[in-house]
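There are 2 protein chains.
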Amino acid sequence: MVASLRLPSLTSLLFPATTRYPASLRRTVCLPNRRPLSGFATAPSGTTASTETKSAEVDRLKSDRAVTPRSKDFNAWYLDVIASAELADYGPVRGTMVIRPYGYAIWEAIQEYLNVKFKETGHSNMYFPQFIPYSFIEKEASHVEGFSPELALVTVGGGKELEEKLVVRPTSETIVNHMFTQWIHSYRDLPLMINQWANVTRWEMRTKPFIRTLEFLWQEGHTAHATPEEAEKEAKQMIEIYTRFAFEQTAIPVIPGRKSKLETFAGADITYTIEAMMGDRKALQAGTSHNLGQNFSRAFGTQFADENGERQHVWQTSWAVSTRFVGDIIMTHGDDTGLMLPPKIAPVQVVIVPIWKKENEKTGVLSAASSVKEALHTAGFRVKLDDTDQRTPGWKFNFWEMKGIPLRIEIGPRDVSSNSVVVSRRDIPGKAGKVFGISMEASTLVAYVKEKLDEIQSSLLEKAVSFRDSNIVDVNSYDELKDAISLGKWARGPWSASDADEQRVKEETGATIRCYPFEQPKGTKTCLMTGNPAEEVAIFAKSY
Amino acid sequence: MVASLRLPSLTSLLFPATTRYPASLRRTVCLPNRRPLSGFATAPSGTTASTETKSAEVDRLKSDRAVTPRSKDFNAWYLDVIASAELADYGPVRGTMVIRPYGYAIWEAIQEYLNVKFKETGHSNMYFPQFIPYSFIEKEASHVEGFSPELALVTVGGGKELEEKLVVRPTSETIVNHMFTQWIHSYRDLPLMINQWANVTRWEMRTKPFIRTLEFLWQEGHTAHATPEEAEKEAKQMIEIYTRFAFEQTAIPVIPGRKSKLETFAGADITYTIEAMMGDRKALQAGTSHNLGQNFSRAFGTQFADENGERQHVWQTSWAVSTRFVGDIIMTHGDDTGLMLPPKIAPVQVVIVPIWKKENEKTGVLSAASSVKEALHTAGFRVKLDDTDQRTPGWKFNFWEMKGIPLRIEIGPRDVSSNSVVVSRRDIPGKAGKVFGISMEASTLVAYVKEKLDEIQSSLLEKAVSFRDSNIVDVNSYDELKDAISLGKWARGPWSASDADEQRVKEETGATIRCYPFEQPKGTKTCLMTGNPAEEVAIFAKSY
Numbered sequence: 243m244v245a246s247l248r249l250p251s252l253t254s255l256l257f258p259a260t261t262r263y264p265a266s267l268r269r270t271v272c273l274p275n276r277r278p279l280s281g282f283a284t285a286p287s288g289t290t291a292s293t294e295t296k297s298a299e300v301d302r303l304k305s306d307r308a309v310t311p312r313s314k315d316f317n318a319w320y321l322d323v324i325a326s327a328e329l330a331d332y333g334p335v336r337g338t339m340v341i342r343p344y345g346y347a348i349w350e351a352i353q354e355y356l357n358v359k360f361k362e363t364g365h366s367n368m369y370f371p372q373f374i375p376y377s378f379i380e381k382e383a384s385h386v387e388g389f390s391p392e393l394a395l396v397t398v399g400g401g402k403e404l405e406e407k408l409v410v411r412p413t414s415e416t417i418v419n420h421m422f423t424q425w426i427h428s429y430r431d432l433p434l435m436i437n438q439w440a441n442v443t444r445w446e447m448r449t450k451p452f453i454r455t456l457e458f459l460w461q462e463g464h465t466a467h468a469t470p471e472e473a474e475k476e477a478k479q480m481i482e483i484y485t486r487f488a489f490e491q492t493a494i495p496v497i498p499g500r501k502s503k504l505e506t507f508a509g510a511d512i513t514y515t516i517e518a519m520m521g522d523r524k525a526l527q528a529g530t531s532h533n534l535g536q537n538f539s540r541a542f543g544t545q546f547a548d549e550n551g552e553r554q555h556v557w558q559t560s561w562a563v564s565t566r567f568v569g570d571i572i573m574t575h576g577d578d579t580g581l582m583l584p585p586k587i588a589p590v591q592v593v594i595v596p597i598w599k600k601e602n603e604k605t606g607v608l609s610a611a612s613s614v615k616e617a618l619h620t621a622g623f624r625v626k627l628d629d630t631d632q633r634t635p636g637w638k639f640n641f642w643e644m645k646g647i648p649l650r651i652e653i654g655p656r657d658v659s660s661n662s663v664v665v666s667r668r669d670i671p672g673k674a675g676k677v678f679g680i681s682m683e684a685s686t687l688v689a690y691v692k693e694k695l696d697e698i699q700s701s702l703l704e705k706a707v708s709f710r711d712s713n714i715v716d717v718n719s720y721d722e723l724k725d726a727i728s729l730g731k732w733a734r735g736p737w738s739a740s741d742a743d744e745q746r747v748k749e750e751t752g753a754t755i756r757c758y759p760f761e762q763p764k765g766t767k768t769c770l771m772t773g774n775p776a777e778e779v780a781i782f783a784k785s786y
Numbered sequence: 243m244v245a246s247l248r249l250p251s252l253t254s255l256l257f258p259a260t261t262r263y264p265a266s267l268r269r270t271v272c273l274p275n276r277r278p279l280s281g282f283a284t285a286p287s288g289t290t291a292s293t294e295t296k297s298a299e300v301d302r303l304k305s306d307r308a309v310t311p312r313s314k315d316f317n318a319w320y321l322d323v324i325a326s327a328e329l330a331d332y333g334p335v336r337g338t339m340v341i342r343p344y345g346y347a348i349w350e351a352i353q354e355y356l357n358v359k360f361k362e363t364g365h366s367n368m369y370f371p372q373f374i375p376y377s378f379i380e381k382e383a384s385h386v387e388g389f390s391p392e393l394a395l396v397t398v399g400g401g402k403e404l405e406e407k408l409v410v411r412p413t414s415e416t417i418v419n420h421m422f423t424q425w426i427h428s429y430r431d432l433p434l435m436i437n438q439w440a441n442v443t444r445w446e447m448r449t450k451p452f453i454r455t456l457e458f459l460w461q462e463g464h465t466a467h468a469t470p471e472e473a474e475k476e477a478k479q480m481i482e483i484y485t486r487f488a489f490e491q492t493a494i495p496v497i498p499g500r501k502s503k504l505e506t507f508a509g510a511d512i513t514y515t516i517e518a519m520m521g522d523r524k525a526l527q528a529g530t531s532h533n534l535g536q537n538f539s540r541a542f543g544t545q546f547a548d549e550n551g552e553r554q555h556v557w558q559t560s561w562a563v564s565t566r567f568v569g570d571i572i573m574t575h576g577d578d579t580g581l582m583l584p585p586k587i588a589p590v591q592v593v594i595v596p597i598w599k600k601e602n603e604k605t606g607v608l609s610a611a612s613s614v615k616e617a618l619h620t621a622g623f624r625v626k627l628d629d630t631d632q633r634t635p636g637w638k639f640n641f642w643e644m645k646g647i648p649l650r651i652e653i654g655p656r657d658v659s660s661n662s663v664v665v666s667r668r669d670i671p672g673k674a675g676k677v678f679g680i681s682m683e684a685s686t687l688v689a690y691v692k693e694k695l696d697e698i699q700s701s702l703l704e705k706a707v708s709f710r711d712s713n714i715v716d717v718n719s720y721d722e723l724k725d726a727i728s729l730g731k732w733a734r735g736p737w738s739a740s741d742a743d744e745q746r747v748k749e750e751t752g753a754t755i756r757c758y759p760f761e762q763p764k765g766t767k768t769c770l771m772t773g774n775p776a777e778e779v780a781i782f783a784k785s786y
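Residue numbers (the working numbering), protein chains in the order written: chain A, 243 to 786; chain B, 243 to 786.
Careful: at least some of the hints might be erroneous.
One copy or two, it doesn't matter: identical chains are merged, so the pair holds either way.
[Said to hold, decoys possible] 16 Å max Cα-Cα, derived EDC-like pairs, lysine to aspartate or glutamate:
| no. | residue 1 | residue 2 |
| --- | --- | --- |
| 1 | Lys724 | Asp743 |
| 2 | Lys615 | Glu552 |
| 3 | Lys314 | Asp578 |
| 4 | Lys626 | Glu362 |
| 5 | Lys359 | Glu490 |
Just so you know, these hints were derived from the structure itself, not from any lab.
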């Protein structure tokens with residue numbers, strides 16, 4: 243019944259003729275329930291995909307094929323990995339996504355880290371209703387302009403047409419300000435710093451799982467301050483937290499910086515961003531932090547009495563990262579074998595695959611595997627023992643590689659005799675990543691695993707930094723910029739030209755200003771477009 | 243600017259003439275930003291309450307009044323506590339609620355406990371989209387009948403009328419089954435056990451913060467099994483987890499049992515429930531677990547191939563608790579002074595209030611208070627040091643009592659000299675709950691605090707058990723039932739009468755069958771209504 247999915251390149255890569263495993267354990271693998279996601283972005287425009295169930299069935303019967311190689315078709319590869327690693331699936335409504343347990347576990351790891359950081363920096367979680375009166379959205383001029391094409395509207399409730407239609411929140415600045423107005427009275431009520439973990443809805447036309455979906459999960463922080471300096475400091479602090487998170491937890495070397503005016507959030511004075519380079523060298527905006535100035539507080543009348551009793555409008559920020567970050571992780575580290583997870587964010591850091599051929603070997607192998615699991619679990623690692631006998635070791639190797647588990651521990655009868663294990667790194671394919679004869683003794687093994695996980699974490703970051711840096715080109719003219727973009731690279735060059743020029747670059751090259759990076763080269767600069775003096779370099783790239 | 247809210251009863255209660263504190267520290271208290279919630283349930287029928295901001299302002303100016311006594315008007319008391327303890331606030335759309343940080347922290351404590359239990363019992367978190375095609379809701383006959391009057395419908399997306407209107411999820415059985423159908427193929431895919439933490443929308447007419455709101459937060463578990471026995475075991479296991487949670491964490495002595503047919507979830511074969519008695523003796527359904535049988539699997543065609551290759555419909559369960567549980571905690575333990583939180587669920591278990599009169603006392607007192615805080619924090623308690631000098635100690639006492647903090651530690655100059663502290667229990671008002679001269683020495687204090695928190699936890703449960711049991715009357719006739727209900731009590735009696743009789747009781751007394759409790763008296767029983775033999779006793783009560 244189960245679809246057969248062969249990954250021939252892996253078989254030859256990891257099990258050369260000299261393998262120590264018997265031929266019966268070689269990888270002729272079947273991954274379960276595999277169903278391609280390729281139709282996601284191009285689903286029919288009706289709201290439901292009612293034929294899905296049937297086509298999934300058909301697919302299971304004929305899906306005797308590997309994940310599309312990444313180099314061949316990056317988008318197809320991405321969708322294949324999401325399906326095969328069981329990260330997400332289509333929702334029945336066009337553009338919606340079901341986040342499956344393994345994908346959700348990555349999101350939980352993101353939440354766990356950020357939630358602690360938010361609280362450490364003085365923010366409290368709370369929850370605002372998702373239904374926002376339509377009139378609220380209209381109060382801030384640029385906000386309504388930015389969001390009105392993307393709104394989902396509730397017009398019927400409890401069987402009746404509503405007097406005022408309700409917006410399903412695309413973001414919460416308006417309702418937050420409505421409430422802040424009631425809670426903020428004097429300078430003593432400031433700063434007010436909150437965050438919510440919530441779902442949001444944006445009626446996107448071109449969708450892609452995790453990257454851009456009709457509904458997604460995110461956190462949105464909202465703060466109100468007595469002075470513009472405090473708000474600016476807060477906005478910068480939060481983009482710094484996101485930056486550290488990206489580097490240290492997800493091994494993604496984002497470039498933090500400031501958005502151009504054209505790319506600034508609808509309603510913000512300044513938008514800070516972290517921009518990541520995906521495996522296809524397109525840019526992904528992975529998180530943003532906005533200095534909202536007094537735009538919303540003026541629109542909603544959010545005022546406080548300062549120490550002299552004068553009424554002032556508050557200064558505000560908002561900042562968010564979303565489930566998009568999961569897509570970011572997939573597209574930064576994944577390879578032809580599937581997902582590759584940085585150890586710090588991996589729901590499972592170590593998978594143990596026991597290997598036995600004869601029934602009389604089974605007890606010893608499983609008992610050793612359990613001890614190893616217990617030792618690693620006690621040491622604080624997230625560890626999984628795959629002891630089912632419904633699958634072959636080869637199938638399991640492929641399955642857990644597809645899921646991107648950083649380390650695999652193999653234990654066979656010979657390992658039990660020698661009181662040792664075999665450890666394989668997900669990030670180094672084949673023999674080079676495989677070490678035999680690591681002692682099973684708890685303290686030795688724990689130390690070894692810790693060291694290897696740290697190495698993998700660092701190595702993934704280094705690799706991503708090197709990939710990023712080799713794909714950013716310094717440019718000093720529009721021609722150089724065009725050349726860089728046409729090669730699929732990022733272009734970094736001095737920029738002080740107009741919004742119209744920026745728009746022209748977009749139209750002619752498909753690239754936008756991703757940011758003015760915080761890290762700026764020293765020395766005088768000349769605008770690549772106009773030849774006028776420029777204060778800063780900007781980074782141009784095609785993006786998701 | 244800040245509204246003045248006097249709580250005279252507290253002043254006289256806790257600070258008799260013999261108080262050791264100087265008169266300047268006595269309680270003439272102002273609680274900040276207090277705004278009554280009384281209008282919540284009776285807000286105008288339009289979708290927005292646009293005059294709210296203005297009336298809040300007015301209210302702040304005139305709110306020189308205490309929380310309504312619980313005995314005088316339970317509903318007004320409940321709304322006052324929610325406002326004064328800053329648990330929640332109105333949303334701008336009728337019937338919606340903003341969960342403020344303190345209320346949300348209680349929800350987070352609930353989540354933290356249950357999330358661990360769900361994972362321990364083999365469930366994985368995931369996320370389903372909230373937009374459900376309308377046609378899905380219609381597939382299960384009793385489900386559509388139960389939910390269609392309560393639906394919010396999205397009819398416009400991205401500026402266009404949708405071909406098929408979308409339901410904002412009131413619960414997810416339909417979309418879950420749509421997806422399960424694609425993931426479940428063989429018996430090897432079972433059991434499939436998942437949970438999601440999400441918002442849900444039900445267009446309720448009569449709303450009440452936490453108890454019944456247009457949108458609320460919950461977890462919903464969904465499982466699929468190969469046999470009816472497994473599904474039944476799962477449904478029972480989950481109501482048992484809820485029961486233990488209620489007893490052990492929230493000190494609420496719920497009664498677990500089975501719903502009558504009339505009160506069973508729309509689409510379930512059996513609904514198990516935990517029923518709690520509120521301070522006004524009305525019943526609150528605090529959590530439910532449904533054995534769904536094959537109702538949804540038949541409607542959606544959710545089938546698997548069993549070990550013989552035969553296609554079978556899966557057997558399912560679903561189970562949920564929601565932010566309603568926060569209301570449950572308020573209405574079970576709260577008193578005229580405000581909220582009272584069981585230590586295990588309290589976001590802050592111990593508040594430290596430093597007391598100084600002269601500036602030269604301040605340093606010593608604050609330094610001692612910090613050390614105490616550090617010692618308790620290190621020992622794992624959730625502790626808050628309220629060291630602001632913008633408020634008097636009296637104000638702080640009231641404020642933190644209103645917030646229901648189980649223990650208060652007071653440290654004044656004399657305590658610093660004697661290296662001791664004063665400890666006050668929230669659950670025992672006045673002198674009786676106050677102990678002087680507890681050593682500040684870390685190990686002594688930590689042991690003392692632990693003991694007191696355990697005592698409070700037990701004591702709250704005992705008090706609630708005793709209240710519950712003294713308000714349940716065993717009845718053997720309809721007249722006795724009517725008497726009990728008219729006294730505001732719960733009636734427990736043998737029942738084997740018809741649905742029509744059950745409906746008649748509801749119409750004539752306002753009481754419904756809350757459950758057939760799991761714990762049944764022994765011996766033969768005679769139906770209180772018909773005189774026929776009865777298998778079980780049922781509990782009747784008025785409910786929220």
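- Item | Hints violated by the structure (listed by number, smallest first) | The structure breaks only hint 2.
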